[in-house]
Amino acid sequence: MAKKTPRTENSKPQFWLFKTEPDEYSIDDLATEKNCTWEGIRNYQARNRLRDDIRIGDQVFIYHSSCAKPAIVGLAIVTQEAYTDSAQFDPTSHYYDAKSPTDKPRWLAVTLRYQRHLANTITLAFIKKSGQFIDMELVARPRLSIQSVSIEHANAILQLAGATE
DNA sequence: GCCAACGTTGGC
DNA sequence: GCCAACGTTGGC
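Here the working numbering is used: position 84 in the first sequence is 84, and no number is missing along the way.
I should point out that these hints are in silico values taken from the structure, not numbers from a laboratory. Quick caveat, the model's predicted, so the values are computed rather than measured. For every residue, glycine included, the Cβ atom is placed at its ideal position computed from N, Cα and C. A hint or two may mislead.
[As the list claims (entries may be wrong)] With a Cα cut of at most 20 Å, we get these calculated EDC-like pairs of lysine to aspartate or glutamate: (1) K12 to D52; (2) K12 to D103; (3) K69 to E81; (4) K69 to E21; (5) K69 to D29; (6) K129 to D103; (7) K69 to E152; (8) K128 to E152; (9) K34 to D23; (10) K69 to D28; (11) K69 to E24; (12) K34 to D53; (13) K12 to E81; (14) K69 to D23; (15) K104 to E152; (16) K104 to D90; (17) K34 to D90; (18) K104 to E81; (19) K104 to E137.
[To be verified] Taking CB as the label site, the calculated pair distances span: (20) K129 to I56: 21 to 27 Å; (21) P101 to K34: 31 to 37 Å; (22) I77 to I134: 25 to 31 Å; (23) A98 to S66: 21 to 27 Å; (24) A119 to A98: 42 to 48 Å; (25) G162 to D23: 42 to 48 Å; (26) T84 to G57: 43 to 49 Å.
The whole structure should be built from the sequences, with the hints applied where relevant.
Spelled out as structure tokens, the structure:
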């Protein structure tokens, strides 16, 4: 079992990018709910990041995928670290996993709190053509649903996005 | 709706 | 542990 990466008191929050299909769950849904359980992650590498690397206070860019205009659309903050994703044990859930042992759950969730919409959304098309984001995971590893974002890229995105909604 | 990329499964 | 078959993701 991998160990948690210690996050010292004076270390800065890290930035992540979580993908969601807006038809399923959008930034507007998160804004309405204020807090949400980010469940349904069914990929081991993404799961490992939830388990080992994502900490309370980390910042999360919300990204809309599989839609007309894929883009980074909002910001959230992690308010609860990894816990068992209950959907894996719910046979009626789209995220049900019959093979996940109840005594050793495979899948984890975190809790996010809505922060804000980005005044200017940052489209995938822009990210690809701008040149300054070529080493983003979003470009290099587009299928990973939990991505890390460097401080430099995060700052650039926030600047482009405008200060507030 | 197509299809390339890539993650997962399972037989050997 | 390899790798072919299969399933899913997600941009276009």
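Point to revise | Cβ distance range 21 to 27 Å for A98 and S66, holds or violated | key: Taking Cβ atoms as reference, A98 and S66 lie about 25 Å apart, which means the hint holds.
Review point. Is the hinted pair K69 and D28 satisfied, with a Cα-Cα distance of at most 20 Å?
Key: holds, 15 Å
Exercise for review: Compare the distance between the alpha carbons of K34 and D53 with 20 Å, and conclude whether the hinted pair is satisfied.
Suggested key: violated, 23 Å
Check your understanding: At the C-beta level, are A119 and A98 separated by a distance inside 42 to 48 Å?
Key -> For A98 against A119, whose Cβ atoms are near 44 Å apart, the range 42 to 48 Å holds.
Point to revise | 20 Å Cα cutoff - pair K12, D103 | key: Given pair K12, D103 is violated - Cα atoms ~34 Å apart, limit 20 Å.
Check your understanding: Is it true that G162 and D23 lie within 42 to 48 Å of each other by Cβ?
Key -> Between G162 and D23, where Cβ atoms are some 26 Å apart, the hint is violated.
Review point. Does the alpha-carbon distance linking K69 and E81 stay inside the 20 Å limit?
Key: violated, 30 Å
**Study point:** Restraint status (C-alpha distance of K69 to E152 at most 20 Å)
**Key:** Outside the cut-off at roughly 24 Å; violated.
Exercise for review: Could you grab the alpha-carbon distance between K34 and D23 and see if it respects the 20 Å cut-off?
Suggested key: holds, 18 Å
Exercise for review: Could you grab the alpha-carbon distance between K69 and E24 and see if it respects the 20 Å cut-off?
Suggested key: holds, 15 Å
Exercise for review: Decide if the proposed pair is consistent with the structure: K128 and E152, CA atoms, cutoff 20 Å inclusive.
Suggested key: OK: K128 and E152 at ~16 Å, within 20 Å.
Review point. Given the hinted pair K12 and E81, is their alpha-carbon gap at most 20 Å?
Key: Holds - the C-alpha atoms of E81 and K12 are around 16 Å apart, at most 20 Å.
This entry does not satisfy hints 2, 3, 6, 7, 12, 15, 17, 19, 20, 25, 26, going by the numbered hints stated previously.
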